[in-house]
Amino acid sequence: MIWLRLFNLLMAVFMLAPLVLILWMSFTPFEMFRLPTDTLSLRWYREAFNYPGFLNAFFLSARLALVTALAASVMAFLAAYALVRFRFPGRRFFEALFLAPLLVPGVVLGIALLQYVNAIGLYNTFWALVLAHVAIVTPFALRSIQAQIRAVPEDLEWAAMNLGASRLQAMLRITVPLTARAVLAGFVLAFIISFAEVTVTIFMTGPAYPTLPVRIYNYLSDQVDPTVAAISAMLIVLSLALVLLLDRLGGLRTLAK
Amino acid sequence: MALELRDLRKRFGDVAAIDGVALRIEDGEFFSLLGPSGCGKTTILRTIAGIVTPDAGAVVLGGADITRRPLHARDVTLVFQNYALFPHLTVFDNVAFGLVMRRVARAEIRTRVEEALALVRLAGLGQRYPAQVSGGQQQRVALARALVVRPSVLLLDEPLSNLDARLRDEMRGELREIQRRVGITTILVTHDIHEAFAMSDRIAVLDRGRVEQIGTPTEIYQRPRTRFVATFSGQMNEFDGVVEAVADGRASVATPAGRRVAAAVTDDAPGPGARASVMVRPERVRLDPPADADQRLDAIVESVTYLGGSIRMVARAGGDRLLADLPTGDAPPPAPGARVVLGWRTADAVLVAAG
Amino acid sequence: MNAGARRWLPFLLLLPLTAVLCVGFLLPLIQSVENSFHGFSPRGIDRSTWTLAAYTKLFDPFYAGVFGRTLRISLIISAITAVLAYPVALYVAQLRGRAQAFLLLVYMSPWLINVVVKAFGWTLLLGPRGTINTILRTLGLTDAPVPLMFNETGVIIGLIHGHFIFVLLPLWAALAGIDPNLRWAAGNLGARPWEIFRRVTLPLSLPALMAGVIINFTMNMAAFATPALLGGTRVQVVSFLAYEVNLVDLNWPLGAAMSMVLLVATLVLVVLSQRIVASGRRRVMFEGAR
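Residue numbers (our numbering), protein chains in the order written: chain A, 1 to 257; chain B, 1 to 355; chain C, 1 to 290.
No wet-lab data here; the hints were simulated from the structure.
Just to be clear, a hint being listed does not mean it is correct.
[Stated by the list, open to error] Label pairs and their in silico Cβ distance ranges:
#	chain 1	residue 1	chain 2	residue 2	range
1	C	Leu27	A	Gly250	32 to 38 angstroms
2	C	Leu27	A	Phe49	37 to 43 angstroms
3	A	Ile120	C	Asp143	35 to 41 angstroms
4	B	Glu302	C	Arg96	56 to 62 angstroms
5	B	Ser134	C	Leu105	37 to 43 angstroms
6	B	Asp55	C	Gly39	55 to 61 angstroms
7	B	Gly183	A	Ala96	19 to 25 angstroms
8	B	Arg68	A	Ile120	54 to 60 angstroms
9	C	Arg192	A	Asn218	29 to 35 angstroms
10	A	Ala12	C	Asn151	24 to 30 angstroms
11	B	Arg103	A	Gly250	35 to 41 angstroms
[Unchecked claim] Partial selection, computed: residues in chain A whose CB lies under 8 angstroms from chain C:
#	residue
12	Phe7
13	Met15
14	Ala17
15	Phe86
16	Arg150
17	Gln169
It should be emphasised that the depicted structure is a prediction, and the values quoted were computed from it without experimental measurement.
Positions of the beta carbon are idealized from the N, C-alpha and C atoms, including for glycine.
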């Protein structure tokens, strides 16, 4: 047992080491990657905020993640409602279609989208990115929302309709408020995934739309100074905050399934 | 408003949930659908509400065929078995829901909801949430919510089954009282015979999607027409055999053991030669029967159980086992092993065809 | 709402998502299939010709070599991950409540952090002037920096870290789901701890381990940013090569063909892993009956 515990400690260190190191390095006062030991400095954070490349990329990524999460959670709610509450021909096909992006490697989807958005003239546009990101995040949002709709007794909707509500009114007045938390969790999850997406985006995005992760990737590939450490540190903190929020909303549990 | 079901049918896969049900419920009547679970009673109720679409037949409300009418336009409200209160709305908003959907003016909603809450004795609890009131109160909220829209027909799906025994007795009386005061046509679904007897003007006993018998509680209990109704509505002493003769409203049945037992019959009773059973309720069986009890047996007491209001005696007469519910009197009941004479009136026995 | 409207309503609700996924997912993949069978000319894709040229080109020693290397590295990563994840899962599965949730979050954290950020973290650790080499030098263990990056070692370390959770999660779920009564029953019958592990715990968790390893393997095969940043041009893997083919050479038929091979391999393996999980369930029931 003691060996198991020790081994786990080592593995936990292995898991966290790169993250901790980035946080530490981001406070370096030096010109290069040298871990600070006696003095800490915020100079690279200032650099990061003064570098328009990163700043613009951050706002692009935030805007993209917001639009993606909004579109995906609303559309996933409507679709999940149909899948849970109705029996109709082709139901399994639709469910499979919505979950399929989970099975397709990012590289494959990235290449397919690159060639397709070029063919339909959407290359180097914001909406091409939205299309791609919605496809990527949908399975995650759909699953958590579906589970929550299933947990709302169908009799509540029947009761509403029995009292004079149409199907749509019953959905808006009963099911929507009762599943709001799950939809919000789906929204946050979609935001996290979209904000962090690299592989698909790097293949199909145009030069006018480098998202933040793509920017960092390009930055790492050529010049490297500790600015990138400050940016990365901020991203780690942001992800952590969003994950804690997601956990509060109960979204992590559906993720682990 | 009067409600009529015409040859209603519904199958779920291989199972006929409703197998040709036809009945008519009069305006202002309290009508019960009584039967064991799986007899189709809830499906019938949901068909009337429009939640279930029948395969065939019609639902006619006040002369208008509403079979294909969408459920939100039916003017028939349902109290669900688990109440189906909206957990995110207050008691007030739950009750107001139907009125809001009908676009009633805000001021009128307020007065009508307050009235409805007062009717079910919940005045002052409007701002609570369903989870903050007791089970009995939730039941009343569901009732108020269904009544406040002044529907043509009120449907109750096992409304008391989630309450404890004492509350159930209390609510039974109250529910009937409210129904009388409002004068609304009401259909109750239940598997509890006492509930159906205590509240209904008439009862339809159902088995496997079919109506076995329709009648007043007295008719159902005292003159059951089928073996199912007889045994479902209470305990029976049974004498199985073959009908020997039918005359003057009397039929006599011979059992394989050679006993002859008679019962009062109507015209549609099984004729001579048919296999049938004579049945007698235990409380109709008398100890040391008076002169008008023309059916008599010599029996040996097997056991005696004191039940408070009555004494349950089990006795054996030849090959037949007999139950008798005797009034508790001053004299001590006979002890096990004692020889006794048991008897009942022919008019208290019924004849049903063999199951 | 009449019966007709009721029939249409679900499709109306499904319409927005279906439309977006058709344009953002289904049609691109279909076009990829088509493009992989077209010819390539310096001006781009030649839609007038149908050919298997792109696929035959994948058999060239250069491309086949990259596929072979990717396969080999991915297998190594999966094998090491399996060995490392098993003891971790054993430990996590017997924890309770908050401790378990916290440790799971620790192991999940690499997955929740941006791939690029993670790779950057590893360059800080593995680089020639990185933390590990600094420590080794300070301790006097080496004079010259040990090459841990821009080679296969770096890629393997980075991907073990990045894709660990895909083996751990199913394994943890399987181990935590084993009825403790089973183990007590085995102990009651006189089995020693090692015997219990070998005869009860291991067989019951093996299907989950296999399923997790297969998913892990498909993730390794398709990884892009980690090998690109930790392996560089010296350790070219399929996805990195596909990037060059698509965005530098602009040879889309070849790029589409490469992605098709990756897609088909992934789908086959995913189906296989689901079969294993299903048959595992059957076998457990069968053995339980014996």
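Quick rundown of the hints versus the structure:
1. The beta-carbon spacing between Leu27/C and Gly250/A, approximately 35 angstroms, falls within the hinted interval of 32 to 38 angstroms.
2. Range check, Leu27/C to Phe49/A: about 41 angstroms between beta-carbon atoms, so the 37 to 43 angstroms window is met.
3. At roughly 58 angstroms, the beta-carbon separation of Ile120/A and Asp143/C lies outside the given 35 to 41 angstroms, and the hint is violated.
4. Roughly 58 angstroms separates the CB atoms of Glu302/B and Arg96/C, a value that falls within the hinted 56 to 62 angstroms.
5. Roughly 41 angstroms separates the CB atoms of Ser134/B and Leu105/C, a value that falls within the hinted 37 to 43 angstroms.
6. Range check, Asp55/B to Gly39/C: about 59 angstroms between beta-carbon atoms, so the 55 to 61 angstroms window is met.
7. The beta-carbon spacing between Gly183/B and Ala96/A, approximately 55 angstroms, falls outside the hinted interval of 19 to 25 angstroms.
8. For the pair Arg68/B and Ile120/A, the supplied restraint of 54 to 60 angstroms is violated, since their beta-carbon distance comes to about 45 angstroms.
9. Remark: the range hint 29 to 35 angstroms for Arg192/C to Asn218/A is contradicted by a beta-carbon distance near 57 angstroms.
10. For Ala12/A and Asn151/C, the Cβ-Cβ distance of about 26 angstroms falls inside the hinted range of 24 to 30 angstroms, so the restraint holds.
11. At roughly 37 angstroms, the beta carbons of Arg103/B and Gly250/A sit within the given window of 35 to 41 angstroms.
12. A least Cβ separation of about 5 angstroms between Phe7/A and chain C falls short of the 8 angstroms threshold, and the interface hint therefore holds.
13. With 8 angstroms as the threshold, the beta carbon of Met15/A comes within range of chain C, its nearest partner Cβ sitting at about 6 angstroms, so the hint holds.
14. A least Cβ separation of about 6 angstroms between Ala17/A and chain C falls short of the 8 angstroms threshold, and the interface hint therefore holds.
15. The interface hint given for Phe86/A holds, since its Cβ lies 4 angstroms from the closest Cβ of chain C, which is under the 8 angstroms cut-off.
16. About 16 angstroms separates the beta-carbon of Arg150/A from the nearest beta-carbon of chain C, more than 8 angstroms, and the hint is not met.
17. Hint status for Gln169/A relative to chain C: violated, with the closest Cβ pair at about 10 angstroms, above 8 angstroms.
Hint check: violations occur at hints 3, 7, 8, 9, 16, 17; the rest are consistent with the structure.
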